[in-house]
Amino acid sequence: MAERSRSVIVCRCENVTIGEIADVLEVGARTFDEIKRVTRAGMGICQGRTCECVVTDLLVEDGRVAPEEIVSRSVRPPVRPITLEVLAASEPDAPRLPDEA
Amino acid sequence: METADTVIVGGGVIGCATAYYLAGRGLRVVLCERRALAAEASGANAGMVGASGGLPGRTLLHTRKSIELLAQAEEELGQPIEFVRGGRFMLAHSPAQWTAVQDFAATRRREGIDVELLSGPDARRLEPLLGPSVVGAAHAPGDGHVNPFLLTHAYAAAAKRHGAEIRTGVTVTALDMSGGRVSGVRTQTGGIAAATVVLAAGAWSAELMARLGVSLPVRPGRGQMLVTDVLPPLSRRVLRAPALGIRQDVRGHLLIGSTVEDVGFDRGVTLPTLARFCQVAAGIMPVLRTARILRAWSGFRPMTPDSLAIIDTVPGATGLVLATGHSRSGVSYGPVTGWLVAQLVADGKTQLPLTPFRLDRFAAPAAISAAAGSRTGSVTDGHTHH
Amino acid sequence: MDTRITEHSVLGPAPARRRLSMRFQGREIPAVDGDSIASALLAAGIRVIRHAANGEPRGVYCGIGHCYECRVTVNGVDGRRACLVPAADGMIVEKDMGADRGR
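Just so you know, the protein sequences line up as chains A, B and C, in that order.
Mapping of the first sequence onto my numbering: position 50 corresponds to residue 50, and the numbering continues sequentially without gaps.
Mapping of the second sequence onto my numbering: position 191 corresponds to residue 191, and the numbering continues sequentially without gaps.
Mapping of the third sequence onto my numbering: position 34 corresponds to residue 34, and the numbering continues sequentially without gaps.
You may find that some hints are simply not true.
[What the hints assert, rightly or not] List of simulated lysine to any residue pairs, SDA-like, C-alpha gap at most 25 Å: (1) Lys-95/C with Val-287/B; (2) Lys-95/C with Ile-82/A; (3) Lys-349/B with Phe-362/B; (4) Lys-95/C with Arg-49/A; (5) Lys-160/B with Thr-350/B; (6) Lys-95/C with Pro-233/B; (7) Lys-160/B with Thr-173/B; (8) Lys-95/C with Ile-64/C; (9) Lys-95/C with Leu-234/B; (10) Lys-95/C with Val-86/A; (11) Lys-95/C with Val-27/A; (12) Lys-160/B with Glu-127/B; (13) Lys-160/B with Val-27/A; (14) Lys-95/C with Ile-9/A.
[Said to hold, decoys possible] A few chain C residues that face chain A, going by a derived Cβ cut-off under 10 Å, partial list only: (15) Ser-21; (16) Phe-24; (17) Ala-52; (18) Ala-53; (19) Gly-65; (20) Glu-69; (21) Arg-71; (22) Gly-79; (23) Asp-89.
These are calculated hints, taken from the structure and not from any lab test.
On a predicted model such as this, the values are computed, not experimentally measured, just so you know.
We put the beta carbon where it would ideally sit given N, CA and C, even for glycine.
All chains, please: the whole structure from these sequences, using the hints.
Here you go:
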């Protein structure tokens with residue numbers, strides 16, 4: 001890995017540093033999602049939008065993962081943060097969950 | 001062909017805990033995970049754990065042991081796992097639920113698990129943020145929650161320190177059999193010969209067993225979940241209502257879920273379910289109304305007909321150990337499962353009875369068919385009971 | 001102190017825009033019609049919009065509504081992105097309280 005400070009922040013939302021990511025790359029993480037599970041990079045409010053490209057760069061650097069082997073981060077709803085009350089109100093007739101008595 | 005003492009199929013919390021305990025006994029262990037550690041159910045759950053979650057008369061012994069093992073794990077494994085033993089509330093919002101909660105408390109207390117009953121006002125005294133509709137609660141102070149990603153990875157890392165090999169991106173395509181014994185596994189990169197194979201592939205265990213002609217009663221049960229943005233500390237407790245569980249992680253995110261849906265391997269989430277989660281959660285804790293939801297996802301729990309795991313050997317397949325079907329409680333039973341399977345493999349016997357987890361408790365006992373590989377004879381050949 | 005460009009070497013003089021006034025953390029911030037909250041804050045020399053969990057000062061980063069670094073509470077509503085929300089006369093802007101409430 002190129003000379004740089006391990007303390008540089010990669011994921012601004014969760015304050016995950018280059019050093020933390022480098023450590024999980026060392027033990028074999030090869031996808032964004034794997035790195036996310038252990039370091040929390042990508043679990044913050046922007047859900048990986050900002051850090052994905054830097055993480056991808058770290059994955060490809062030093063030949064760990066070939067560019068064509070890169071797997072994109074998994075994207076899930078909501079598209080952007082939504083409050084519980086807005087989501088609750090979106091389906092006022094939502095059926096009860098099976099275990100609701 | 002390379003060899004190992006034990007091959008573990010599956011890199012979730014069950015597989016990794018088993019790897020840790022087995023490697024700790026000095027066995028050469030190779031764990032094969034087709035995707036990544038904690039990529040499936042072990043990475044999709046809310047991390048709720050506790051002795052009270054066992055089945056009275058059957059598995060409270062095991063859940064109690066499991067949380068004891070978990071309490072030691074952080075220090076033993078040498079890595080943070082974010083285990084918070086803040087207790088659990090089983091909430092009642094109706095007279096019928098209150099009856100169920102009283103029964104919950106009584107059955108646990110009978111077996112020595114500390115559970116107290118609280119009236120609505122007393123519950124709200126301990127948890128001021130509970131909504132006004134709470135009728136009462138059972139309080140299990142010894143329960144808690146843990147970070148399932150960190151726990152799984154910590155077991156794997158510790159297993160490696162004891163000499164285990166943890167391989168991700170390796171798919172086991174078949175179990176090799178010879179003369180009624182398991183002889184190893186086949187992967188897309190070659191075979192591994194081993195005297196013991198532990199099948200801990202969760203919702204995918206049935207697929208592998210089907211290739212041996214065994215019908216394993218483990219089906220995927222999709223569970224949906226929500227996570228919120230960071231909130232100030234609201235509670236250290238696990239809050240459970242019959243239909244929903246809520247718990248806050250150490251950074252302040254709230255995890256809200258879940259369901260058990262029979263939809264095969266459909267990884268989607270559905271708006272009516274998520275909306276209903278929000279409606280119910282707002283009733284349980286009204287301050288959550290303005291919490292921002294960051295993500296919704298789903299995972300596949302390995303469901304068995306009675307929601308208890310299958311931890312057992314297989315008739316006609318000496319050396320094959322099943323450690324799967326943990327249904328909704330894989331993280332809770334993970335530590336004790338690994339501990340017990342290591343004993344089963346290394347010693348041939350276990351310190352706690354495996355009776356509740358036997359394969360033959362299901363109506364149609366499974367057996368290895370002649371078509372799956374050579375077989376030496378009867379259904380009980382090579383099968384030891386514990 | 002206003003950092004706005006009033007005379008640009010290529011674009012010429014800045015067009016006249018209606019002046020507005022909003023408040024950030026109780027301080028009066030002059031703005032013009034067409035400003036986002038972020039541009040008004042930057043023009044007023046304010047770069048620190050909130051503090052991260054680790055205590056670091058944070059402000060506008062991507063500027064295009066992706067990163068949420070610029071999130072603020074606007075007229076009591078949390079999680080608004082300063083880079084996207086148009087400045088309005090009388091607007092009350094505060095540090096985002098959605099996640100940081102209680103810190």
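Against the structure, the hints:
1. Lys-95/C with Val-287/B: 20 Å, holds
2. Lys-95/C with Ile-82/A: 19 Å, holds
3. Lys-349/B with Phe-362/B: Judged against 25 Å, a Cα distance of about 22 Å means the pair holds.
4. Lys-95/C with Arg-49/A: Satisfied, since the Cα-Cα distance of roughly 22 Å is no more than 25 Å.
5. Lys-160/B with Thr-350/B: 24 Å, holds
6. Lys-95/C with Pro-233/B: Cα-Cα ~19 Å, so holds.
7. Lys-160/B with Thr-173/B: Answer holds: Lys-160/B to Thr-173/B is near 24 Å, not above 25 Å.
8. Lys-95/C with Ile-64/C: 19 Å, holds
9. Lys-95/C with Leu-234/B: Holds. Lys-95/C to Leu-234/B sits at ~21 Å (cutoff 25 Å).
10. Lys-95/C with Val-86/A: 22 Å, holds
11. Lys-95/C with Val-27/A: Cα-Cα ~39 Å, so violated.
12. Lys-160/B with Glu-127/B: Distance of about 42 Å is beyond 25 Å: violated.
13. Lys-160/B with Val-27/A: 10 Å, holds
14. Lys-95/C with Ile-9/A: OK: Lys-95/C and Ile-9/A at ~22 Å, within 25 Å.
15. Ser-21: 29 Å, violated
16. Phe-24: Phe-24/C check fails; min Cβ-Cβ to chain A is 21 Å, beyond 10 Å.
17. Ala-52: 6 Å, holds
18. Ala-53: Status holds, d = 6 Å.
19. Gly-65: Gly-65/C check passes; min Cβ-Cβ to chain A is 8 Å, inside 10 Å.
20. Glu-69: 6 Å, holds
21. Arg-71: 7 Å, holds
22. Gly-79: 6 Å, holds
23. Asp-89: 27 Å, violated
Checked against the numbered hints listed earlier, the structure breaks hints 11, 12, 15, 16 and 23; every other hint is satisfied.
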